[in-house]
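Those sequence lines, one after another, are chains A and B.
The numbering of the first sequence is UniProt numbering, which starts it at 1 and goes up by one.
The numbering of the second sequence is UniProt numbering, which starts it at 1 and goes up by one.
If you're looking for bench data, these hints aren't it; they were derived computationally from the structure.
Do not take every clue at face value.
[Claimed, not checked] Pairs of lysine to aspartate or glutamate residues, derived as DMTMM-like cross-links and limited to a Cα-Cα distance of at most 20 Å, are as follows: (1) K341/B to D379/A; (2) K324/A to E287/A; (3) K324/B to E150/A.
[Said to hold, decoys possible] Far from chain B, some chain A residues (derived; all Cβ distances over 10 Å): (4) G115; (5) M172; (6) P230; (7) D298.
Quick caveat: nothing in here was measured; it's all calculated off a predicted structure.
Even for Gly, the Cβ is constructed at its ideal location relative to N, Cα and C.
So the chains spell out like this:
Number of protein chains: 2
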Amino acid sequence: MAADRRDVRPEFHPQGFAPVSPQRRGLLRAGLGLGAGSALLAGRGLRAEEVASPPAEAPYSLSLGPGVVDRVYGQPSRFEAGVIRRNVPWLTASPETSISFTPLQHQQGIITPSGVFFERYHAGRPTVDPSEHRLMIHGLVDRPLLLTMEDLRRFPSVSRIHFIECPANGGMEWRGAQLNSLQFTHGMIGCAEWTGVKLSTLLEETGLTRGAKWVLAEGADGAHMNRSIPLEKCLDDCLVVYGQNGEALRPEQGYPVRLLIPGWQGNVNVKWLRRLEIGNQPWFTREETSKYTELMPDGRARGFTWPLYAKSVITFPCPEMPAKGPGIYEIRGFAWSGLGKVAQVDVSLDGGVNWQRARLQEPVLPKALTRFTLEWRWDGRPALLQSRAVDETGFVQPTLAALRRVRGTNPIYNKNAIQTWQVKADGTVFNVQLA
Amino acid sequence: MAADRRDVRPEFHPQGFAPVSPQRRGLLRAGLGLGAGSALLAGRGLRAEEVASPPAEAPYSLSLGPGVVDRVYGQPSRFEAGVIRRNVPWLTASPETSISFTPLQHQQGIITPSGVFFERYHAGRPTVDPSEHRLMIHGLVDRPLLLTMEDLRRFPSVSRIHFIECPANGGMEWRGAQLNSLQFTHGMIGCAEWTGVKLSTLLEETGLTRGAKWVLAEGADGAHMNRSIPLEKCLDDCLVVYGQNGEALRPEQGYPVRLLIPGWQGNVNVKWLRRLEIGNQPWFTREETSKYTELMPDGRARGFTWPLYAKSVITFPCPEMPAKGPGIYEIRGFAWSGLGKVAQVDVSLDGGVNWQRARLQEPVLPKALTRFTLEWRWDGRPALLQSRAVDETGFVQPTLAALRRVRGTNPIYNKNAIQTWQVKADGTVFNVQLA
Numbered sequence: 001m002a003a004d005r006r007d008v009r010p011e012f013h014p015q016g017f018a019p020v021s022p023q024r025r026g027l028l029r030a031g032l033g034l035g036a037g038s039a040l041l042a043g044r045g046l047r048a049e050e051v052a053s054p055p056a057e058a059p060y061s062l063s064l065g066p067g068v069v070d071r072v073y074g075q076p077s078r079f080e081a082g083v084i085r086r087n088v089p090w091l092t093a094s095p096e097t098s099i100s101f102t103p104l105q106h107q108q109g110i111i112t113p114s115g116v117f118f119e120r121y122h123a124g125r126p127t128v129d130p131s132e133h134r135l136m137i138h139g140l141v142d143r144p145l146l147l148t149m150e151d152l153r154r155f156p157s158v159s160r161i162h163f164i165e166c167p168a169n170g171g172m173e174w175r176g177a178q179l180n181s182l183q184f185t186h187g188m189i190g191c192a193e194w195t196g197v198k199l200s201t202l203l204e205e206t207g208l209t210r211g212a213k214w215v216l217a218e219g220a221d222g223a224h225m226n227r228s229i230p231l232e233k234c235l236d237d238c239l240v241v242y243g244q245n246g247e248a249l250r251p252e253q254g255y256p257v258r259l260l261i262p263g264w265q266g267n268v269n270v271k272w273l274r275r276l277e278i279g280n281q282p283w284f285t286r287e288e289t290s291k292y293t294e295l296m297p298d299g300r301a302r303g304f305t306w307p308l309y310a311k312s313v314i315t316f317p318c319p320e321m322p323a324k325g326p327g328i329y330e331i332r333g334f335a336w337s338g339l340g341k342v343a344q345v346d347v348s349l350d351g352g353v354n355w356q357r358a359r360l361q362e363p364v365l366p367k368a369l370t371r372f373t374l375e376w377r378w379d380g381r382p383a384l385l386q387s388r389a390v391d392e393t394g395f396v397q398p399t400l401a402a403l404r405r406v407r408g409t410n411p412i413y414n415k416n417a418i419q420t421w422q423v424k425a426d427g428t429v430f431n432v433q434l435a
Numbered sequence: 001m002a003a004d005r006r007d008v009r010p011e012f013h014p015q016g017f018a019p020v021s022p023q024r025r026g027l028l029r030a031g032l033g034l035g036a037g038s039a040l041l042a043g044r045g046l047r048a049e050e051v052a053s054p055p056a057e058a059p060y061s062l063s064l065g066p067g068v069v070d071r072v073y074g075q076p077s078r079f080e081a082g083v084i085r086r087n088v089p090w091l092t093a094s095p096e097t098s099i100s101f102t103p104l105q106h107q108q109g110i111i112t113p114s115g116v117f118f119e120r121y122h123a124g125r126p127t128v129d130p131s132e133h134r135l136m137i138h139g140l141v142d143r144p145l146l147l148t149m150e151d152l153r154r155f156p157s158v159s160r161i162h163f164i165e166c167p168a169n170g171g172m173e174w175r176g177a178q179l180n181s182l183q184f185t186h187g188m189i190g191c192a193e194w195t196g197v198k199l200s201t202l203l204e205e206t207g208l209t210r211g212a213k214w215v216l217a218e219g220a221d222g223a224h225m226n227r228s229i230p231l232e233k234c235l236d237d238c239l240v241v242y243g244q245n246g247e248a249l250r251p252e253q254g255y256p257v258r259l260l261i262p263g264w265q266g267n268v269n270v271k272w273l274r275r276l277e278i279g280n281q282p283w284f285t286r287e288e289t290s291k292y293t294e295l296m297p298d299g300r301a302r303g304f305t306w307p308l309y310a311k312s313v314i315t316f317p318c319p320e321m322p323a324k325g326p327g328i329y330e331i332r333g334f335a336w337s338g339l340g341k342v343a344q345v346d347v348s349l350d351g352g353v354n355w356q357r358a359r360l361q362e363p364v365l366p367k368a369l370t371r372f373t374l375e376w377r378w379d380g381r382p383a384l385l386q387s388r389a390v391d392e393t394g395f396v397q398p399t400l401a402a403l404r405r406v407r408g409t410n411p412i413y414n415k416n417a418i419q420t421w422q423v424k425a426d427g428t429v430f431n432v433q434l435a
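Based on the sequences and whatever the hints tell you, model everything.
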């Protein structure tokens, strides 16, 4: 009987499990052999003593865990408690007008988990009862609409995978601040599968009258966050979404409904969407005059700078995820473009002198995070890692020096510069800016 | 000043917000107009009185919610508290050897939220410390390996979107039981973006010796769940995954590491994976002899029936999501195949007499849930809704009658039959089986 212990089931042994039998341990030991001499093994930093030793008989494999009744809505393992959104308290006047950052250093695929998708509030996060919420569409239309959430869900629906990025992502670096962190330099971004209705479908329902050229989107938050959007973009690929990663939108993302303006600055993707007004010119709201504009070197301000251009960053190694001694690694990162698909990503190990083509992970979707990887045989000498994205329109991600030559150091927004990570001999990684 | 209230920011008014000014209310009212006469509007069940009335000034739009510091790991809105996994207590002897069901009736895109991804345990859910966990690969190999999680993450990585389905999904219906629920008839499935290492990469590292033909996968749960898998499949598209939907695998899905055997029965995707043994023949474990086999009408049992064939189901309307009176709706559902991509889905409104081609939502990925939709102008008369998937190999989803002719009524597994939802005149939906 003892040799068959591993097939014992709890229904027969309600008291729990006995340790694996000694015979079985011997079998495992014998099966392991001693062949730990592979060069590849050594290259990956595998330790010979581990390869030659039997597996630990960890207590977990001998205990019966809970069953299906304890977690009707699951959570991450308690060993992942460090994978959380973080914020910078000194960055803004109050937490209600602030931002939290996605832990990109831990993100493994192109989907950002809804639990850690970055937040940006202009006046806190309202709690909205979906049965009370209405979306009004009015202005230069034939048939104004006042829609309940139930109404919205009856329209033809689509699902799309897109990123949303705050244009202030990395904005502290225009003047030279260097937070030594991937999360804080690039974490104002997330990518999700969004589900909702094409805005063009809703506007087909209302009809448009002569002169219709702009749409004002307004949120139900305390700030009544509002932005003017050209009608052409609205009729192209914009969505009014109620779903995110297979479930209802999270409150942080505008529950029960938000705008999705693929590839454009995050703030235009108005959350807790309650009103769309169709007009013949932009409204020049506070958010597009005193905010979300860029002061240029000649004293003029650029406004309505909506699309986010090609950008990329290496997520391993990075300040939070150092290398551990020489050996074979895989450099990993994300690339994205607000203009379409990522066409190519190159990686440099020497601060931009030489470049190698990285592998892009399928599916490569327009205006979505795209994962790239490159094998890296690190000899243990200091390195300067960079990634450079090119999108399908031919746009090449610029250096920060090139951006500054055109835009100076006044802006906060639209910093899509190449990031340099300095890897020191001990494997630690630092955020540096090359001259 | 009053007219500009909506632009007030909390940094200037720390005490909160005053109500929207009366002038502004008047503006909204005027802007709405009265044009509610659209036939399409009426078709969608929009209520004229709502279209003509101003938006409710709900309290939520006037209050300042919390900011970025209260939820470092977010949760769904409290209004979504009903979107949870559910289980059937009488289905199994104990919750530790049971299953919970995905609320498919609420799933909006192809990604199943990790929080509600179905669970299946053979002996409860162990809590595994990733720093203690090891994966052993041994047997007919040149270089046995004992890998830490850190080792695993250093190998070249891939991310793929695939479904996992328990072959018992819908199994209660072989003999005629009819749970009136989408969640309980089809909820033993989930689809996620998985990240990890190709199993072929790991086997390249160990090398394979002469005679290697089968792989035994074993879990670290109390059951030491184990299955034999042909080497050919392992070298094709199998993964050893540690990531799910952008974050670490959830404990319910085998944290910190599981096998992913795309398109094959869920139980073969061994969770809490701790051992892979390479051999020259199958092990005929308990899970492939007394369990996960199908008793055929002639008294023989089919075993090793791994792939899940083309299948689909309508998720709206369904028993949990009834129709609300005549009008225009969108029929929605999921299709999938363990053999590759979904090529086509047809929908019938009359129990399989006439069929219409449904629209497939991009991206259509191999061995992944695929969303389909079809406009439905319901006249309010009783209907019998069905969907029928065809995959890229030409496999056509069969009727239950056709399946029973071949396999009888003894099996529990691999019921991929066409589902019929009966819509009654009042919009309620019932699970029925056609003769």
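Against the structure, the hints:
1. Of the supplied pair hints, the one linking K341/B and D379/A is violated, its CA atoms being roughly 43 Å apart against a limit of 20 Å.
2. Proximity of K324/A to E287/A is assessed by CA-CA distance (about 45 Å); at most 20 Å being required, the pair is judged violated.
3. Between K324/B and E150/A the CA atoms are separated by roughly 10 Å; this keeps the pair inside 20 Å, and the hint holds.
4. For G115/A, the non-interface assignment is contradicted: its Cβ lies about 5 Å from the closest Cβ of chain B, within the 10 Å cut-off.
5. The non-interface label for M172/A is consistent with chain B: the shortest C-beta to C-beta separation is roughly 16 Å, beyond 10 Å.
6. For P230/A, the condition that its CB be more than 10 Å from all CB atoms of chain B holds, with the nearest at approximately 20 Å.
7. Residue placement check: D298/A keeps its beta carbon more than 10 Å from all beta carbons of chain B (closest about 28 Å).
In summary, the numbered hints that this structure violates are 1, 2, 4.
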